[in-house]
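Enquirer: Letter by letter, the chains look like this.
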Amino acid sequence: MNQLRRAFLKNAGTVGAVAVAIATGLLKPGTVFAAAWNSLAFTTKDLNEAMKNAGYDGAIESSDIVIKAPEIAENGAVVPVSATSNIAGTTSMAIFIDKNPAPMIADFQFLNGAEPYIATRVKMAKTSLVRVTVKAGGKNYIASREVKVTIGGCGG
Amino acid sequence: MAEAMKMRATMEGDVVDVKVLIQHPMDTGLMKDKKTGKLIPAHFINQVVATLNGKTVIDAQWGVGIAQNPFIGFRIKGGKPGDKVAVNAVDNLGTKFDGEVVVA
Numbered sequence: 001m002n003q004l005r006r007a008f009l010k011n012a013g014t015v016g017a018v019a020v021a022i023a024t025g026l027l028k029p030g031t032v033f034a035a036a037w038n039s040l041a042f043t044t045k046d047l048n049e050a051m052k053n054a055g056y057d058g059a060i061e062s063s064d065i066v067i068k069a070p071e072i073a074e075n076g077a078v079v080p081v082s083a084t085s086n087i088a089g090t091t092s093m094a095i096f097i098d099k100n101p102a103p104m105i106a107d108f109q110f111l112n113g114a115e116p117y118i119a120t121r122v123k124m125a126k127t128s129l130v131r132v133t134v135k136a137g138g139k140n141y142i143a144s145r146e147v148k149v150t151i152g153g154c155g156g
Numbered sequence: 157m158a159e160a161m162k163m164r165a166t167m168e169g170d171v172v173d174v175k176v177l178i179q180h181p182m183d184t185g186l187m188k189d190k191k192t193g194k195l196i197p198a199h200f201i202n203q204v205v206a207t208l209n210g211k212t213v214i215d216a217q218w219g220v221g222i223a224q225n226p227f228i229g230f231r232i233k234g235g236k237p238g239d240k241v242a243v244n245a246v247d248n249l250g251t252k253f254d255g256e257v258v259v260a
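The listed protein sequences derive, respectively, from chains L and H. Residue numbering for the first sequence follows our numbering, beginning at 1 and increasing consecutively. Residue numbering for the second sequence follows our numbering, beginning at 157 and increasing consecutively.
Hints are supplied without guarantee of correctness; some may be wrong.
Here are the computed lysine-lysine pairs in the DSSO-like style, where the Cα-Cα straight-line distance is at most 27 Å [what the hints assert, rightly or not]:
#1 L:Lys99 to H:Lys188
#2 L:Lys45 to H:Lys194
#3 L:Lys99 to H:Lys190
Hints are computed from structural coordinates only; laboratory data are not their basis.
In isolation and in its complexed conformation, chain H is listed as follows (with noise of 0.2 Å):
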């Protein structure tokens, strides 16, 4: 999806300092559509992974309580600037969002 992950990596000192926006609905599954009255089914997005110059930093798992369009922030000691940062997302229903920046 075009511009689904915004990420920006900068250096704090000695530490990259990374921060990652997606889009995504976050449903909880749990709400109803005010219209039809319907509930919306769940659909969020529930393993993250994060990758220094391709090694996993950040393997996380997310459930519907993460608030929509999720906001992440994480730090790697030992980065520099020129590193790629990587972050490789999959929601409920398999749809991927993968981002990619180089350490300012």
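Pulled out of the complex, with its shape left as it was, chain L reads as follows (with noise of 0.2 Å):
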């Protein structure tokens, strides 16, 4: 995506959302994160649109990205995922799962010595992939890894 659309794309149904948390004083200037929360990505349908949404489009497989996760997650609303990034030059990485209702679960970006490594659990609705996208060095770059669900975990 181009960086003035994204830019646009990021701002935009945002603004309201945050000037009136701020106004509450529920969050207060002084925390500041680096970019707006990206709704847009967070909630689109397609996994590639997400993917494109966030700035991970065009990744290439690489096995430097290396999944955690169980074959078998016997509740899919509680499973654990970490992933580390063996590429050199690691800026982010973010999570999606290709069979959830909204594919992009986090997105992280690591600053001043984070190491490119992040575990967290997450919730699937059903067997699916679960994709690890790193940007390193300007580019993007994906992990693929299936856990099988045999209770799904986004309700009903």
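With the hints as a guide, dock the two chains, each given alone in a separate frame, to form the complex.
Expert: See below:
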């Protein structure tokens, strides 16, 4: 996605919520996050569109991204996933789950000595590929791992 | 919110290993209340920042797909015992969650 469109999409629709939050004192102006929440990417239903909206389009498969996740998740509501990027110059890492209602799960930027590693727990609606995308040196990379889910974790 | 965040930071070699657990429903907005039949509105942490001695090390955005009572583990090179690791999170309703721990 070109940077101008990305910047526009990042800001559209988010100013109001942040302004209200600051006005009500709930979000102090001093707590500044690098960018406004990427509501577009997080609500996109198509996996490839979500990756594009998150800035991870054109990702090349890489075995230098190591994903740890159970082969079978008994409880789709809480699936432990961790990932390490061994790609030099990694600046960020994101998690997507193909078969979730909204595939984009999270995006992490690494700064000031943080290692390109994240461990977390995700919800999986059903058996699906878990994707980890990485931005390194301005290029995008991706690795995938299938997790079988016996009881879905998105509700119902 | 008291006790909403539990944190631990320990040295693994020359890397600070941090584990954080935050109490939060992480409601997706897709589930119905079984009694009323109405949708439970989305209520989830969507931004998280972690700092080491005040310098940002992790800047994260989350969606509803992160599991309830979210856990996050991350590692920082160059930290040492006595350093302060802080985590500041905010949810989609603007409620803040803050925690701080000293590296053991």
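Enquirer: Next, verify each hint and record whether it holds.
Expert: Against the structure, the hints:
1. Of the supplied pair hints, the one linking L:Lys99 and H:Lys188 holds, its CA atoms being roughly 20 Å apart against a limit of 27 Å.
2. The hinted pair formed by L:Lys45 and H:Lys194 meets the criterion: a straight-line CA distance of about 23 Å does not exceed 27 Å.
3. A distance of roughly 24 Å separates the Cα atoms of L:Lys99 and H:Lys190; the hinted pair therefore holds under the 27 Å criterion.
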